[in-house]
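Listed in order, the protein sequences are those of chains R and C.
The letter at position 268 of the first sequence is residue 268 when you use the numbering used here, and the numbering goes up by one with no holes.
The letter at position 83 of the second sequence is residue 83 when you use the numbering used here, and the numbering goes up by one with no holes.
Calculated from the structure, these hints are not laboratory results.
All values reported here derive from a predicted model rather than from experimental measurement.
Please note that a few of the clues may not be correct.
Stated by the list, open to error - Pairwise CB distance ranges, derived in the manner of DEER restraints: (1) I11/C x L9/R: 48 to 58 Å; (2) P75/C x S70/R: 57 to 67 Å; (3) E169/C x P262/R: 47 to 57 Å; (4) D99/R x E94/C: 20 to 30 Å; (5) P260/R x L22/C: 53 to 63 Å; (6) G196/R x L22/C: 46 to 56 Å; (7) G53/R x S270/C: 42 to 52 Å; (8) R76/C x E30/R: 18 to 28 Å; (9) E79/C x D167/R: 25 to 35 Å; (10) E30/R x S270/C: 52 to 62 Å.
We put the beta carbon where it would ideally sit given N, CA and C, even for glycine.
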Amino acid sequence: MTAPFGRRLCPVVESRASGGYRLFSLIDEEGPEPRPGQFYMLATESHWEQQGGRPYLPRALSIADCAPSSPLFPDSGNKGELGGVRLDFLIEGIGPGTDRLCELREGEGVWVNGPLGNAFSPPRDLSPGAAGAILVGGGIGVAPLAILRRRFAERNIPARVLLGFRDRAHSGGLDDLFSCCEVRLASEDGHVGHRGYVTDLLATMLEGDDAGSAAVYACGPPPMLDAVHALCQRMEVPCELAMEAPMACGYGACYGCAVPRPDGGYLRLCVDGPVIRVA
Amino acid sequence: MINASGTFDAIAARRVYGDELLEAFPFSAFVSKTITPEPRAGNEPQRIWETPAGMINSIGLPNKGLEGFLAEDLPRLAELPVPLIVSVMGTSAEKFARLVTGVGEREEVAAIELNVSCPNVHSGLIVGEQPAETLALLETLRPLTGKPLIVKLTPNVADPAAVAVAAREGGADAVSLINTLKASAIDPATGEPGVAAGHGGLSGPAVRPVAIAQLRAVAAAVEVPIVGMGGISNGADAREFIAAGATLVAVGTESFRDPRAGRRVAEELSSGAAERGHARPQLEV
């Protein structure tokens with residue numbers, strides 16, 4: 001599946017707090033529906049470059065969820081006569097670009113390039129014996145697992161969801177993106193769920209009887225991904241990680257998003273990922 | 001309107017955007033990322049760092065090497081609807097010669113851009129910083145091909161005009177400038193440079209006034225066609241470069257923000273010129 005060439009202006013139809021994060025939605029009239037794991041390069045139409053010339057480059061955000069938006073059904077998240085796809089993004093303000101995106105209000109325009117990158121694979125593509133999925137998310141990394149869980153549900157692929165957060169301030173997305181499913185939670189400060197790491201929950205699950213029949217899909221901070229990777233390699237469980245790297249372009253032009261390959265050299269996360277099979 | 005070398009991967013873009021890329025190809029000619037004799041993996045991350053109105057890059061020239069380029073990339077690039085310019089870099093005259101010979105004998109290639117922002121391992125000097133080194137290099141390479149040779153000047157010199165004169169004397173058909181400016185930035189979270197290599201090259205609108213100054217100096221010193229680049233983001237910027245002496249202009253970093261930037265800037269340049277009653281610049285390769 002290819003993306004429309006170039007960037008296009010999409011209106012914001014919703015923007016609200018989601019726990020300690022924010023959730024905003026755009027209407028993309030042109031673009032195809034994205035697949036879980038894919039991302040977009042975003043920049044606001046107005047007041048970009050306002051903090052002393054920054055942000056300058058667009059920002060890469062994974063798609064958290066999407067839905068067809070039709071002019072016939074105005075309560076499906078669409079406004080006016082727009083058709084196309086509603087794109088939902090979960091965001092945490094950690095710098096000038098994400099801060100500006102957090103300020104978006106309904107009606108503002110956002111430059112959109114995408115959908116970019118590759119998608120998560122169904123469990124049976126990773127291993128013939130993998131009947132179900134375990135989704136492991138940490139912090140803002142829970143976002144792509146929301147659309148993945150929904151797509152698996154639509155295909156009757158059973159999925160268990162494990163989500164971990166540092167503390168209450170650095171958590172969100174639960175009510176908006178995971179309200180209709182059972183979720184096991186972990187928090188480092190113990191404010192909710194298991195006190196500790198989400199990988200503790202994964203280890204328990206894999207050491208049960210699940211190792212033989214599940215594939216693991218993870219997205220979160222690098223130490224979490226390393227722990228998931230190590231666990232899955234040890235337990236011989238197929239595993240895909242949605243990784244992150246600083247990006248300038250998102251479509252292979254700048255060679256900035258290099259991630260080391262296991263056998264030496266680098267891959268470009270935007271065109272060779274962001275979903276990488278590691279086990 | 002062409003692309004600045006290293007700011008657009010036509011093969012990757014075609015995978016991402018499909019044939020729409022070819023139908024709306026944003027450049028009148030395509031300049032490849034610099035190739036080196038041997039494959040290079042590139043620098044370790046982090047390779048990019050945003051700065052006010054720009055960015056620092058320390059990518060490290062990852063590429064498949066001459067053989068890999070000729071076997072795998074050249075056939076794909078030959079499918080583009082525009083002429084192909086191949087950028088090459090060698091760390092010695094012998095390595096440069098191997099590249100120019102290998103690339104020069106391919107009919108798919110319209111011109112060769114010499115990336116001289118690299119050290120000569122024998123002398124230890126960066127070729128493009130020294131008029132004498134530049135002249136010597138051109139004298140070695142000129143007899144090896146009949147294809148147009150474009151010398152990509154480095155701005156990290158006190159006197160770019162002298163280097164441009166040397167390039168012309170050595171037989172260069174054109175010069176292009178500016179390449180990126182040596183730059184660094186400290187990550188406030190770590191106290192260390194943001195890019196792993198410690199420093200890199202600055203590009204984007206922040207560098208435009210430096211590019212204009214160097215372009216004026218070079219245009220006053222040589223009579224060859226000049227490809228002007230450095231922070232061009234719209235037609236007005238392109239007009240500024242033409243006024244300062246550029247024959248052709250190139251878009252680089254802006255393509256990261258807007259993949260169609262090359263085409264958009266060209267259209268803005270043409271329509272703006274028409275409004276002002278000026279003749280359209282001749283964009284011939």
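Going down the list of hints, with the structure as the test:
The supplied range of 48 to 58 Å is broken by I11/C and L9/R, whose beta-carbon atoms lie about 28 Å from each other. For P75/C paired with S70/R, a C-beta distance near 44 Å fails the hint of 57 to 67 Å. Against the hinted window of 47 to 57 Å, the Cβ-Cβ separation of E169/C and P262/R comes to about 50 Å, which satisfies the hint. Between D99/R and E94/C the CB atoms are about 52 Å apart, so this pair departs from the stated range of 20 to 30 Å.
For P260/R paired with L22/C, a C-beta distance near 33 Å fails the hint of 53 to 63 Å. Hint check: G196/R to L22/C, Cβ distance near 52 Å, so the stated range 46 to 56 Å holds. A hinted range of 42 to 52 Å for the beta carbons of G53/R and S270/C is inconsistent with their spacing of about 28 Å. At roughly 27 Å, the beta carbons of R76/C and E30/R sit within the given window of 18 to 28 Å.
Judged by the Cβ atoms, the range 25 to 35 Å given for E79/C and D167/R is violated: they are separated by roughly 53 Å. The beta-carbon spacing between E30/R and S270/C, approximately 26 Å, falls outside the hinted interval of 52 to 62 Å.
When each numbered hint is compared with the structure, violations occur for hints 1, 2, 4, 5, 7, 9, 10.
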